[in-house]
Amino acid sequence: MRFDTPAGTNPIDQLKVVGRATSRIDGKFKTTGTAPYAYERHDVVPNQAYGFVVGAAIAKGRISAMNVEDAKAAPGVLAVVSTLDYAKPLPLGKMNIAHLFGGADVAHYHQAIAVVIAETFEQARAAASLIRTDYARSPGKFDLAREAADAPIAPASDKTKLPIDKVGDFAGAFAAAPVKLDQTYMTPDESHAMMEPHASIAAWDGDKLTVWTSNQMIHWSKGSLATTLSIPEEKVRVDSPYIGGGFGGKLFIRSDVVLAALGAKAARRPVKIALTRPLMMNNTTHRPATIQHIRMGATRDGRLTAIAHSSTSGNLPDGKPETAVEQTKLLYAAANRETYMKLATLDLPEGNAMRAPGEAPGLMVLEMAMDEMAEKLGVDPVEFRILNDTQVDPEKPGRPFSQRHLVECLRTGAEKFGWSKRHATPGRVREGRYLIGMGMAAGIRNNQLTKSAARIKLERDGRLTVETDMTDIGTGTYTILAQTAAEMMGVPLDRIDVKLGDSDFPASSGSGGQWGANNSTAGLYAACVKLRAAVARQLGFIEADVQFADGKVTAGGRSVDLRDAARGGPIVAEDGIEYGTLDKQYQQSTFAGHFVEVAVDGYTGETRIRRMLAVCDAGRILNPKTARSQVIGAMTMGAGAALVEELAVDKRFGFFVNHDLASYEVPVHADIPHQEVIFLDYPDDKSSPMKAKGVGELGLCGVGAAIANAIYNATGVRVRDYPITLDKYLEKLPEMS
Amino acid sequence: MKAFTYARAKSAAEAAAAVAQTPGAKFLAGGTNLLDLMKLQIETPTHLVDVQDLGFDKIEATPEGGLRIGALVRNTALASDPRVRRDYGVLTRAIVAGASGQLRNKATTAGNLLQRTRCPYFYDTNQPCNKRQPGSGCAAIGGYSRQLGVVGTSDACIATYPGDMAVAMRVLDAQVETVDPAGARRSIPIADFHRLWGDTPQVETNLKRGELITAVTLPRPLGGKHIYQKVRDRASYAFALVSVAAVIQPDGSGRVAFGGVAPKPWRVETAEAAMPQGAKAVTTQVFAVARPTNDNRFKLLLAERTLAAVIAEARA
Ligand SMILES: Cc1cc2nc3c(=O)[nH]c(=O)nc-3n(C[C@H](O)[C@H](O)[C@H](O)COP(=O)(O)OP(=O)(O)OC[C@H]3O[C@@H](n4cnc5c(N)ncnc54)[C@H](O)[C@@H]3O)c2cc1C
Ligand code: SF4
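The listed protein sequences correspond, in order, to chains G and L.
Mapping the first sequence onto my numbering, position 260 (from 1) lands on 260, and the numbers just tick up by one.
Mapping the second sequence onto my numbering, position 45 (from 1) lands on 1045, and the numbers just tick up by one.
Calculated from the structure, these hints are not laboratory results.
Since we're looking at a predicted model, the values are computed, not measured.
Glycine included, C-beta positions come from ideal geometry on N, C-alpha and C.
Please note that the accuracy of each hint is not assured.
To be verified - Below, in silico cross-link-like pairs of lysine-lysine (PhoX-like), each with a Cα-Cα straight-line distance of 25 Å or less:
| no. | chain 1 | residue 1 | chain 2 | residue 2 |
| --- | --- | --- | --- | --- |
| 1 | G | K625 | G | K499 |
| 2 | G | K728 | L | K1208 |
| 3 | G | K72 | L | K1039 |
| 4 | G | K625 | G | K16 |
| 5 | L | K1208 | G | K732 |
| 6 | G | K161 | G | K320 |
| 7 | L | K1208 | L | K1026 |
| 8 | G | K159 | G | K451 |
| 9 | G | K584 | G | K451 |
| 10 | L | K1002 | G | K72 |
| 11 | G | K499 | G | K457 |
| 12 | G | K457 | G | K94 |
Unchecked claim - Simulated DEER-style distance windows between Cβ atoms:
| no. | chain 1 | residue 1 | chain 2 | residue 2 | range |
| --- | --- | --- | --- | --- | --- |
| 13 | G | G33 | L | L1035 | 19 to 27 Å |
| 14 | G | T425 | L | L1035 | 47 to 55 Å |
| 15 | G | M736 | L | D1036 | 33 to 41 Å |
| 16 | G | K732 | L | A1281 | 18 to 26 Å |
| 17 | G | T425 | L | L1196 | 43 to 51 Å |
| 18 | G | V572 | L | D1036 | 48 to 56 Å |
| 19 | G | I164 | L | T1044 | 36 to 44 Å |
| 20 | L | E1313 | G | A145 | 38 to 46 Å |
| 21 | G | Y86 | L | G1183 | 53 to 61 Å |
| 22 | G | G378 | L | L1035 | 29 to 37 Å |
| 23 | G | R608 | L | A1191 | 46 to 54 Å |
| 24 | L | R1297 | G | D169 | 41 to 49 Å |
| 25 | L | A1007 | G | R608 | 42 to 50 Å |
| 26 | L | E1313 | G | A424 | 29 to 37 Å |
To be verified - Footprint (simulated), chain G over chain L, 3 or more residues, beta carbon under 8 Å:
| no. | stretch |
| --- | --- |
| 27 | 1001–1010 |
| 28 | 1059–1068 |
| 29 | 1141–1147 |
| 30 | 1221–1235 |
| 31 | 1296–1307 |
Same shape as in the complex, but just chain L:
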């Protein structure tokens, strides 16, 4: 860990400005990801702007009939909110499938969206990694890649976005609300929030420097059955090999997004028309452009079978 300075911001504008103006500055929310990475010298911010006093800790109804989730709402609070449990069950299920109770008590909505990959080579500063050290190469290609991505990856990086919450937000068509250092606000569809790695795997989202997440909004409830199924080697406290977030209507139509397979929650809307025909019809399209490694080719079949389980559960 490099020595760094620390300040608690009093307003969103001040926080955004501080990060924009100070080279090497970062926001700090729950710290459950950022601090770990700093201890390992993977992240080396020179200045931390703690955003926990900004008050973005409420979940409010929107005029459109949806919910506005403050960026600092803790994962536990979000998952257990009665409105979320009732109307956005897939989100509750996704959150409680992640990490551990202690971590979820600390982790925030914004921090969760921005959690970084779990590629093991990213975690070892002795190894080349384009994401950690642009241009150094990718140790995972040709190496141990069982956990890594099968679709949307690039020749520069085959890592995944590892989180659960965002996969549910993707099927719900959430919007990420931000404010930038100039005070301008915008709303980014979750589909456009995370980027594919391409040649710049170090750039993971479309946030601008100093742009602060203030909230995530959910549109009106979709109805239907909300299911999140996360497949992993052990029963708890592990990242997904594959996860499926789905909202399925009584007529068999529905939406589905996949986690653990790509640089972002992976959803191909055009494939959803095939939902009534069953899992294979959907996954064939969703993973049409897949480029798995030998270690992780099984994820394709796993995604199909997991979706089949989800569809069966929805029908039951």
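Chain G with its partners taken away, still in its complex shape:
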């Protein structure tokens, strides 16, 4: 189905199942331990052996020698595969930057250099420690701040744009502006830190490879795995029905799956591998640190006339920049604009997508700058944003937003949160030893349209089976797909079976970039439209308007049980959604207003969040319960980014030092006492027949800045270097006793 004109009224609009708060249909499996994750799939293939991956001990250089003989001779060992078994690195998968295996060169710390396969996990791990490796180190670049000055300007992520994206005359307008801001900010490297590690089981059957893995993008990964292993794509099957979180860390294949495949070949046995937590942090990907520079000029009454935002990040050679300036192209009106990115070469592990890539660190900075600017102007931060709202793409005023209710998000949020009680002068509100502050920020994250296919089968017993290679990364995809099918076919939710994550199923959008929900349900919508037509035909309906409701098919006064259509055998329909140019004609984005109250211990400087509110404008909300879970999870991640999360770089040895969950702190329950989410729920007919948009990343967009602004409001100390830990402001806190 091609979607190139705005959606009219369709069966989804009935909202009998879609749009209702529905618990996850996979929830009972998750809570009873019957949703097997990759590493737990003991039953998919017999005789599984265990692999343990060894990471390089240096960040840059060459392996001069490796002795694997002791490891090979260790008890239980079946095989050892060394990177030196390959003359050069294995070919890169589509989205990979760092080589996953092969050759003597080391490009980053904990690059996989060997895998030991043994009868038991403990034997593999013990043997791995017997591998002796000699290195010739070479000097590397590990310090972003040092490399930033000479970093070249990076190409724009939108290839139709110049590297320096200019509108009007920024320099002139900035110089002439009566009120100005010119500040530099920093965000650190961050780790996805999802619960489930990268894990895979691989088994060969002749030249055919099956991998049971944990991956967000089945179709990409099937292709990438074939490329990396130099085998035809048809020979690869990828299966990933349950995923214990990914946050972008599982968009692409990683060393676990490649080494499981190589190990299985060497050991002639199925092999399972999970990366250890340290390897997750230094072997895989992370969100790159940024140094961002913002300049803003405004009239005295608070209208922005000029805005410039540049961001410098680093990556391995051929890597991409963190696109931290994207939101600045869209969020506020201003006639004169300039955005660009610089990219330094660093020899740290690969930087790549992490939840809301670009926008997450970009908004942490832009929305802090907006807070500073509002203060300079003496305008309330909420009003300042409202004053500079735009209903059109500020770079192309002829191009409207499909919808934009940011102002309503902000007004609703301000009202519900009690924003009027905020003291505009910082450092004025105290409760005992605590300094209390409120902060807010706007959020924006784009709605991305990408094709997605699904298959739906009406079984003889009247049940419906949905199959698509779509993934559920803990987001509720199983449930919203079931809701979509139930709504379309007029049956209760419990008559739908959803099967996901198998590359033998039709290729979907996959899960990433908050595009999964809208696109995958739209793809299933298309398949359902086809199935409805086939059912109507089978039942002899010739009317144009056939109703599917309450398990019945009805038209022209005749009503037939849906089941009857499958009497002669199951009916299968397969289709997908493809998009025209509605996303070119209209800027499609989602919006949020974030509000936060913090208490800062006046003695120790510890910041504790008291309450958080997000008001979200993200199209039709397909399932308010799972959507809320997405948003509160993202707000929690934003709290981590604002307050604790930082991969600490050892700038001498070139690695992330705090590579476990004891030292890379993410928020715990006690950090998140109260969260509230309000959805505006405006269906967007330009986004898809579902009229939905993404929401899973929006919750993260802006929340970090809202927290930072609340800390400022509480203390009067502005910290422009995330995470805002107490050591950065302790000495500026007021005397307490």
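Given the structure of chain G, go ahead and fit chain L with the ligands onto it with the hints provided.
Relative to chain G, chain L with the ligands alone:
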């Protein structure tokens, strides 16, 4: 993890003898620290002597009016004991400020005292570390040292003793009771239990090889207000940046020990005379010999401000 053998000891003497006689043997209590370190190949014992059947799991009153805490009393049991809560509140507070409920259910009194440092370089076997591999150097010096020690450290090692419970025991002047492989018993003041790193950061306590902890005794209750304040980046489940254990009397006098700053719970008794003059007067003396890194210099001010909070709380 290296392959190892495992045995459950039936008596203290047998346990001590087994560890003394078997090269590379260690005691195993709750396992929450030792097993983690073994999985990471940081500890590589060849033999584990499990001490959990030895019965040191009671808290008893002593003739002197104090308490004798068995070495195997779980942290949860110790923190929730009514006598401890009533008379040694600082200890309860310190214990519940540490780790998580699950860990405290498993962790023992002796194991907690002996928990090893959390220096991140100690945890990465690719990095030089004098504590893990004597003579290999110290990667933390000149590296990422925000969490590490500011006082009592050495040129060989700047790590901290990371625990909470022992900091409270330090202000309470606890005694560590042991039995050695020859059956000899002794009582070590907690002040002398942990060592400064010096040139031998791999030697962390004054226990002898095979010496088994049987109990920790607390002297008579001190009265006063018992406060443990632990400062950390997140609200729970994190090691202290700085912690303060204090027992403060109505007249403003008191005792104070600091955690998260040194190779051992850091208490300078002579500085306590300055308690009535306020936090700064005390911390100036307590940290007189401090040698912080640029990353962790903030701990000095943090210690002062945290003590100020504790004194204010005691007065309130
Ligand atoms: C994730 C995590 C977070 C934590 N957070 C904190 C925290 O915030 N604050 C805090 O204070 N602690 C924290 N801890 C540490 C925790 O308190 C210790 O792991 C625990 O107290 C150790 O006790 P155990 O009985 O399990 O010791 P084990 O691991 O069994 O043993 C530890 C050591 O003691 C030796 N040993 C045990 N019993 C005896 C004995 N009777 N005589 C002589 N030697 C003995 C062992 O040989 C071993 O070397 C944390 C631990 C983890 C894993
Ligand atoms: S500070 Fe101590 S524990 Fe840390 S690396 Fe140095 S020697 Fe090892």
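(message) Check the hint pairing K161 (chain G) with K320 (chain G) against an upper bound of 25 Å on the C-alpha distance.
(response) holds, 16 Å
(message) A range of 48 to 56 Å was offered for this pair. Does it hold for the Cβ distance of V572 (chain G) and D1036 (chain L)?
(response) Hint holds: Cβ distance 52 Å, inside 48 to 56 Å.
(message) Just to be careful, I want the Cα atoms of K625 (chain G) and K499 (chain G) compared with a cutoff of 25 Å; is the pair within it?
(response) Holds - the C-alpha atoms of K499 (chain G) and K625 (chain G) are around 21 Å apart, at most 25 Å.
(message) Quick check on a hinted range of 46 to 54 Å for R608 (chain G) and A1191 (chain L), using CB atoms only.
(response) violated, 34 Å
(request) Note whether the CB distance of E1313 (chain L) and A424 (chain G) lies within 29 to 37 Å or breaks it. (result) holds, 31 Å
(message) Verify this for me: three or more residues of the stretch 1296–1307 of chain L with a beta carbon less than 8 Å from a beta carbon of chain G.
(response) Check passed, 5 qualifying residues.
(request) With 43 to 51 Å as the target window, see if T425 (chain G) and L1196 (chain L) comply at their CB atoms. (result) holds, 48 Å
(message) Taking 36 to 44 Å as the stated bounds, is the beta-carbon spacing between I164 (chain G) and T1044 (chain L) within them?
(response) This hint is violated: roughly 56 Å between Cβ atoms.
(request) Verify the proposed pairing of K625 (chain G) with K16 (chain G), using a straight-line Cα cut of 25 Å. (result) It holds: about 15 Å lies between the C-alpha atoms, which stays within 25 Å.
(message) A range of 53 to 61 Å was offered for this pair. Does it hold for the Cβ distance of Y86 (chain G) and G1183 (chain L)?
(response) holds, 60 Å
(request) Look at the Cβ atoms of T425 (chain G) and L1035 (chain L) and judge whether their distance stays inside 47 to 55 Å. (result) The hinted range 47 to 55 Å holds for T425 (chain G) and L1035 (chain L), with Cβ atoms some 53 Å apart.
(request) Would you check the hint for K1208 (chain L) and K1026 (chain L), treating anything up to 25 Å between C-alpha atoms as holding? (result) holds, 12 Å
When held up to the earlier numbered hints, the structure conflicts with 2, 5, 12, 19, 22, 23 and 28 and fits the remainder.
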